[in-house]
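S.K.: Top line first, the protein sequences correspond to chains A and B. Mapped onto the working numbering, the consecutive letters of the first sequence carry residue numbers 1 to 769. Mapped onto the working numbering, the consecutive letters of the second sequence carry residue numbers 770 to 962.
Some clues are possibly wrong.
What the hints assert, rightly or not - Partial list, derived from the structure: chain A residues whose beta carbon lies under 7 Å from chain B: (1) Ser-139; (2) Pro-143; (3) Lys-611; (4) Glu-615.
To be verified - Covered stretches of chain B (chain A as the covering partner; in silico rule of three or more C-beta atoms under 8 Å from a C-beta of chain A): (5) 840-852; (6) 914-925.
Think of the hints as simulated: they come from the structure by calculation, not from any bench. Glycine residues also receive a C-beta, built at the ideal position from the N, C-alpha and C atoms.
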Amino acid sequence: MRRLAALLGTLALLAGALALTLRLVEIRGDIADFLPAPQSAEGAFLLQELRGGTATTLLLAGIEGAPAADLARISQAMAARLAADGRFAMVANGALLVGEAEAALLFAHRYALSAAGPDAFTEPALRAALEGVLDGLRSSAAPLVRRTAFADPTGAFLGLLRGWAGEARVATSHGVWMAEGPRALLLAQSRAAGLDTDAQAEAVAAFHAAFAAAAPPPGARLLLSGPGVFAAEAAATVQADVRLVSILSLLLVGAFLLWRYRSPVMLAVVAVALAAGALAGTLVVAAVFGHVHGAALGFGITTLGIAADYPLLVVTGRAPGEALRTAARRIWPTLRLAAATSVAGLVPMLAAGFPGLAQFGLFAASGLIAAVLAARWLVPALLPPEGLPVRPLPDALSRALLRLPARRGAVLGGLGAVAVALALAGGPRLERDLAALSPVPAAVQALDGELRRQVGAPDVRVVLTLTAPDAEAALQAAERAAAALLAAGAAGAIDHPGRILPSAATQRARLDALPAAEVLAARLEAAQAGLPFRPGAFAPFLAAVAEARAQPPLTPPHLAASPVLAARLAPLLRPEGARWRALLLPSGIEDMAALRRAAAAVPGLLVVDIKAETEALLDAGVGTALRWSAAGGVMVLLLLGAGRGLAGGLRVAGVLAGALLVTFAALAVLGERITVFHLTAALLLAGVGMDYALFMSRSEPNSGRDGNEEAARALGSVITCMITTLLTFGLLALCATPVLHATGLTVAVGVVAAFLLACTLAPRRDATT
Amino acid sequence: MARRGAVARRALLALALPLPLAAQAPDPLAAVMAGLAAVRESRAAFVEEKEMPELDRPLVSRGVLLWRAPDRLEKRTLEPVPETFLVEGDRVTLERPQRGVRETIDLDASPEIRPLVEAIRATLAGDLATLRAHHEVAFTGDARAWRLRLVPRSPRVRAAVQRIVLEGEGAFLRLVETQGNEGRSRMMATPLP
């Protein structure tokens, strides 16, 4: 009873310490930590965009489930509330874009902002413009035309607005963007970076609050999407899946251990080893790095699944009549070798060069060391000397399994065939699509795609970018680059900051090119000949042009008075440290190579093919992980050779290699593409597989009863390990979330293969031959 | 011509009505609206003259008007510049093929345009409630020859358009005259078969 209290007390202490540590330690979620340091400027730009680019701050919302008029009312109420909320840099819902003050500012600067050149002010052009005015006045749109026609007959202002509006391809109804359904659409940009999960959660909450405050009728729904929503949604999905699987596997493992050891205490024993490992891993990583990466924590705890086996092996490996302490001491060399080889496999990751992987390696390695120490010294101290009674395995099962070494030839032949088949099929296929790695549910991704399509937000594939010492230089450089690319025919159209706000130099050049007052007056009079305009009808136009010629250009500091223009400009031009960055978004690219050639001719211009660069980064990440795993593999082999000699080492290595081979072949047959999650799971699998092999071949063959009993006990331990692993990680295969599914499937297939191979490759025994 | 015949017949019919029956319908505006509402489809040729302060002579254009109950009105200008102005439901489409213009606006999004559209459309539909929702309506004349004087209720609209006068004969809308600070426009219609 006292021991039970001590066991439960230790467990509570460890769990409490772990919970406290996780609360105190800073946990980061920057995915960039899991990508290798970029080798190219393009890669660096992409990483930065992934971390906090404008694209990651976009929130898309759809409101549906009510008549269009209600949706429009909700949309307007939400937009007003969100625009007043300091968390959003921009809120758009399709309602009248430009306010009166801003319209006046843009109207005043129309000749500097409009791309129409001096050709618009020749006599023939003016004549055509005046005829156009007349047409407009005849038309049903006359009241609209009349509002600006006499001050702006060349249509510079309307052209400006039309150029902006032409980019939004959303239909409006009841004054707001409305897609089929009906579904009102809203677009917002948060000030906080997309990967600042807390701030994004606040932004999402602000949307929900604004929706609730708009008094939606029953049935109306708010749909939200965007990277920030994704982060929250992903966390929620993974948590929900993990919670369900945890409860289920706790019940199953508990039931299994209860059957196997006739006592629920074994569950607590396993938990002690795991908690000790997780605590040690977190503390060591936090001490070395100052923070713990969330993903390193997740992957690390997954890998600690290896450690769950250690106490099982100690308790089950006890011979009848043997004290648990004695058994632990007897088994220790094998246990030590198993842990040492697992750690050796992880250590090279410390040198991998990107912090995420190093943290993962450090976490798992220190966790395993703590867990094996706990199994060796803590567990025997917390259990009664006689350990726990172990129920024997069904006779037929153990006899069949122990007879497997007789079929070694056939199994090895089969493995060879699998290897050839896998090689012929081209090996396992790697997943190169970031979306497939996302734990965001497919339905949410589909909604995002739909909202994006409806809003007309471009799916940017290629981005050109450059930096300059100041905003004016960046604008000039962007204008030059866009002109050069268009002249080379490299793209159909290019959106760039100069289209929204031309550089001061361009504005000045445009204003300087305006004709002098008397010249314009003379041309206008000539152009008016025969048309029914009264003299002086266009006096506002002449005055406006004269005024414009003396005007200072509009520059970024003025834009506080022009929120729409500022919002349009922000994604394309922004300060970055001491410099300014401009983005150019080409569309209608027919020949990527031609675009690259044309871009190469512009100094300082980077071409970032988002998909290709992302794939390259991912490949580099996976490649680096694989290389360091291979280095780990070599260390493992060396250790095994040292511990078990050449033959014994090869035996264990054979089990490992065979299990990995069968696993990846099975994944290929199931049509799975290999992701980083499969690889992490493979590490776990390699660790437990090695334990199986080491324990199944622990004692050298001898012909006595002892040898056979020893083999049966080893089998009993290993089969327990395998079944608990299957009941925990294997269950994850049933989840839909890619990370959990991949881990679960790999481990489930792998541990069964490793177990059977460990049985098959175990040394032959007389009694079974 | 058949149409004009129908109007004449209806006028005769109205004359021939015995007094007690006329007393049962004492509201001539309601009678005009009922007559307009009974027309499911009609076609008319129009001539429009616009006068503006900046112009020294009116702009003239011609075309056809097509009406289909309950809410489709098409004003197809044929000369001098082809243009189609179509109101259907809450959607207004303006098409000027020579300039490559095709614009669609939503009446709900344009509170300053809807009253001007409804002035004509709700009249053709015989929908007095909608007409009154947007305008003060004054009726003069009788069911044979009538005159509606509309003043927009919205001050914003009234700032641009002070009044709209519609004249008709029986169930035929003959004249629409709009007086705004942008000038004055007169659209005169003649029925087409």
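S.K.: Each hint needs a verdict: does it hold in this structure or not?
M.R.: Here's how the hints hold up against the structure:
1. The interface hint given for Ser-139 (chain A) is met, as the beta carbon of that residue sits about 5 Å from the closest beta carbon of chain B, less than 7 Å.
2. Because the beta carbon of Pro-143 (chain A) sits about 6 Å from the nearest beta carbon in chain B, less than 7 Å, this interface hint is met.
3. Given the 7 Å rule on beta carbons, the hint for Lys-611 (chain A) is violated: about 35 Å separates it from the nearest Cβ of chain B.
4. Contact between Glu-615 (chain A) and chain B, as hinted, is not supported at the beta carbon level, the nearest pair being about 42 Å apart and thus beyond 7 Å.
5. Under a criterion of three residues with beta carbons nearer than 8 Å to beta carbons of chain A, the stated coverage of the stretch 840-852 of chain B is upheld, 5 such residues being counted.
6. Residues of the stretch 914-925 of chain B lying with their CB closer than 8 Å to a CB of chain A number 0, which falls below the three-residue condition for coverage.
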